[in-house]
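Undergrad: As they're listed, the protein sequences go chains C and Z.
Position 100 of the first sequence, counting from 1, maps to 100 under my numbering, and the rest follow consecutively.
Position 70 of the second sequence, counting from 1, maps to 70 under my numbering, and the rest follow consecutively.
Be aware that a few hints might be false.
Copies of the same chain look alike in the list, so a pair counts if it works inside one copy or between any two.
To be verified - Here are the simulated EDC-like pairs of lysine to aspartate or glutamate, each with C-alpha atoms no more than 20 Å apart in a straight line:
{"id": "1", "residue 1": "K89", "residue 2": "D153"}
{"id": "2", "residue 1": "K89", "residue 2": "D112"}
{"id": "3", "residue 1": "K161", "residue 2": "E126"}
{"id": "4", "residue 1": "K17", "residue 2": "D50"}
{"id": "5", "residue 1": "K89", "residue 2": "D21"}
{"id": "6", "residue 1": "K161", "residue 2": "D146"}
{"id": "7", "residue 1": "K89", "residue 2": "D8"}
{"id": "8", "residue 1": "K58", "residue 2": "E39"}
{"id": "9", "residue 1": "K58", "residue 2": "E72"}
{"id": "10", "residue 1": "K17", "residue 2": "D112"}
{"id": "11", "residue 1": "K161", "residue 2": "E136"}
{"id": "12", "residue 1": "K17", "residue 2": "E157"}
{"id": "13", "residue 1": "K161", "residue 2": "D134"}
{"id": "14", "residue 1": "K123", "residue 2": "E84"}
{"id": "15", "residue 1": "K58", "residue 2": "D146"}
{"id": "16", "residue 1": "K123", "residue 2": "E69"}
{"id": "17", "residue 1": "K89", "residue 2": "E39"}
{"id": "18", "residue 1": "K161", "residue 2": "D54"}
{"id": "19", "residue 1": "K89", "residue 2": "D53"}
It is worth saying that the hints were derived from the structure and are not from the lab.
Model, not experiment: these values are computed from the prediction.
2 protein chains.
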Amino acid sequence: MFGGESSDVGLTGYEIKQRADRTLRFYWVSPAMSQIYTELDRLSRNGYVDGVDDTTGKRTTRRFRITAEGRESLEAWLHTSEHEFPILKHPIALRLMLGSLMGPGEVVSMLDVYVDAVAERRKELEAVREMLGDDEALAYPARVADWGLAYYDAEVEIVEKLRRTL
Amino acid sequence: MFGGESSDVGLTGYEIKQRADRTLRFYWVSPAMSQIYTELDRLSRNGYVDGVDDTTGKRTTRRFRITAEGRESLEAWLHTSEHEFPILKHPIALRLMLGSLMGPGEVVSMLDVYVDAVAERRKELEAVREMLGDDEALAYPARVADWGLAYYDAEVEIVEKLRRTL
DNA sequence: CAGACGTATTCCTAATTGGAACAGTACGCT
DNA sequence: AGCGTACTGTTCCAATTAGGAATACGTCTG
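Work out the full structure: start from the sequences and follow the hints.
TA: In structure tokens form, the structure reads like this:
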């Protein structure tokens with residue numbers, strides 16, 4: 001998922017953050033910097049990743065790579081663990097719930113703003129989708145992106161229908 | 001949203017938890033008990049809710065009601081605050097991303113299990129929707145529930161289409 | 001009247017969030 | 001050459017959230 005070529009020198013925490021901000025945020029959250037580094041430390045302590053000082057550049061940084069043990073553990077997780085149900089935190093739905101405390105026009109404009117925001121997100125995800133292309137090696141990430149795009153389309157349709165009932 | 005009749009004696013933390021578990025979880029999270037009580041304490045300190053000892057039963061409990069100040073503040077929040085974009089944590093999409101590390105059959109069965117889980121969720125939400133009926137006073141919560149139902153339908157459709165591409 | 005279950009609250013610990021703070025590097029501008 | 005600004009990289013801190021365990025009390029049932 002991250003990494004691409006696995007023969008490379010690994011990623012810095014900063015780079016992981018950037019990748020998460022670009023892609024992971026669409027179906028998970030963008031982890032905080034603090035979270036990335038503490039997690040890398042912990043993974044490192046448990047032998048799942050290996051952090052190596054990279055002194056080739058002007059500046060010494062730590063680059064992390066997954067270890068064989070880490071990869072095994074990841075695969076074991078993929079095979080065995082429970083599939084949790086997605087969690088959604090939907091501020092617009094939360095506000096709509098209290099629509100009776102807002103003016104009717106206010107509800108409509110809230111939904112309009114939301115539809116625009118979804119369209120914007122969709123555009124960003126589409127850029128990611130295009131980067132993935134139809135490379136066989138990236139087929140699964142591409143499917144995830146397609147899923148996201150279809151979700152945004154459905155969301156817009158639902159909200160526009162809902163809007164008409166107001 | 002909670003409360004219904006606002007002339008009543010208010011709700012205990014426990015009751016709030018139950019209501020959240022029944023409805024809020026569909027578009028937000030079920031807050032932990034600890035979170036509910038600490039938040040009630042904080043709201044109380046800031047004058048947004050009023051906690052009154054209820055000694056009418058065999059057992060003394062605290063019942064919380066929103067204050068006038070709390071209601072004003074809630075409405076101000078509804079009118080002014082920024083609309084954040086929904087946050088999704090989607091374990092199935094996350095795993096699908098790593099589909100190349102799973103067997104193809106494993107991916108398919110993961111999606112099947114997920115579709116079943118969505119159907120189950122949908123049923124639970126449908127029960128909530130039926131409780132809301134077509135009472136004008138509950139029109140907004142009912143719309144939120146309808147939104148959720150439509151979302152689940154879209155999700156199933158998307159996943160089934162995706163499944164066919166594998 | 002013991003045991004199980006629902007109600008009600010408190011407590012504890014870990015994880016997550018959301019930065020700010022700090023420091024080095026690159027790059028263009030004057 | 002020196003300056004400012006932006007990017008890269010890491011650490012640190014405080015507040016919030018999460019997830020339950022623990023503790024009671026009440027009620028109902030066999």
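Undergrad: None of the hints should be skipped; say for each whether it holds.
TA: These are the hints, each one checked on the structure:
In the homo-oligomer, the alpha carbons of K89 and D153 lie at most 20 Å apart both inside one protomer (18 Å) and across protomers (18 Å), since each shortest distance falls under that limit. With identical chains, the CA atoms of K89 and D112 are at most 20 Å apart within one copy only, with a shortest distance of 19 Å there and 24 Å across copies. Taking the shortest Cα distances, K161 and E126 sit within 20 Å of each other only across copies (19 Å), while inside one copy they are farther apart (24 Å). With identical chains, the CA atoms of K17 and D50 are at most 20 Å apart within one copy only, with a shortest distance of 17 Å there and 43 Å across copies.
For the homomeric pair K89 and D21, the shortest alpha-carbon distances inside one copy (18 Å) and between copies (14 Å) are both at most 20 Å. For the identical chains of this complex, K161 and D146 are inter-copy neighbours only, at 11 Å across copies versus 23 Å inside a copy, given an alpha-carbon limit of 20 Å. Taking CA atoms no more than 20 Å apart as the test, K89 paired with D8 passes in neither setting, with 37 Å inside one copy and 29 Å between copies. In this assembly of identical chains, K58 and E39 lie within 20 Å of each other by CA distance neither inside one copy nor across copies; the values are 26 Å within and 49 Å between.
Within a single copy, K58 and E72 get their C-alpha atoms no closer than 34 Å, and across copies no closer than 57 Å, so neither meets the 20 Å cut-off. When the C-alpha separation of K17 and D112 is checked against a cutoff of 20 Å, the pair qualifies neither within a copy, at 31 Å, nor between copies, at 32 Å. Proximity of K161 and E136 under a CA criterion of 20 Å is satisfied inter-copy only: 19 Å between copies versus 37 Å inside one chain copy. With identical chains, the CA atoms of K17 and E157 are never at most 20 Å apart, being 32 Å at best within one copy and 32 Å at best between copies.
Taking the shortest Cα distances, K161 and D134 sit within 20 Å of each other only across copies (18 Å), while inside one copy they are farther apart (33 Å). Taking identical chains as interchangeable, the C-alpha atoms of K123 and E84 lie at most 20 Å apart only when they sit on different chains, with a minimum of 17 Å there against 28 Å within one chain. Neither within a single protomer nor between protomers do K58 and D146 lie at most 20 Å apart by alpha-carbon distance, with minima of 40 Å and 58 Å respectively. For a Cα distance limit of 20 Å, the shortest separation of K123 from E69 qualifies neither inside one copy, at 38 Å, nor across copies, at 41 Å.
Only between protomers do K89 and E39 lie at most 20 Å apart by alpha-carbon distance; the minimum there is 18 Å, versus 24 Å within a single protomer. Neither within a single protomer nor between protomers do K161 and D54 lie at most 20 Å apart by alpha-carbon distance, with minima of 55 Å and 45 Å respectively. In this assembly of identical chains, K89 and D53 lie within 20 Å of each other by CA distance neither inside one copy nor across copies; the values are 39 Å within and 33 Å between.
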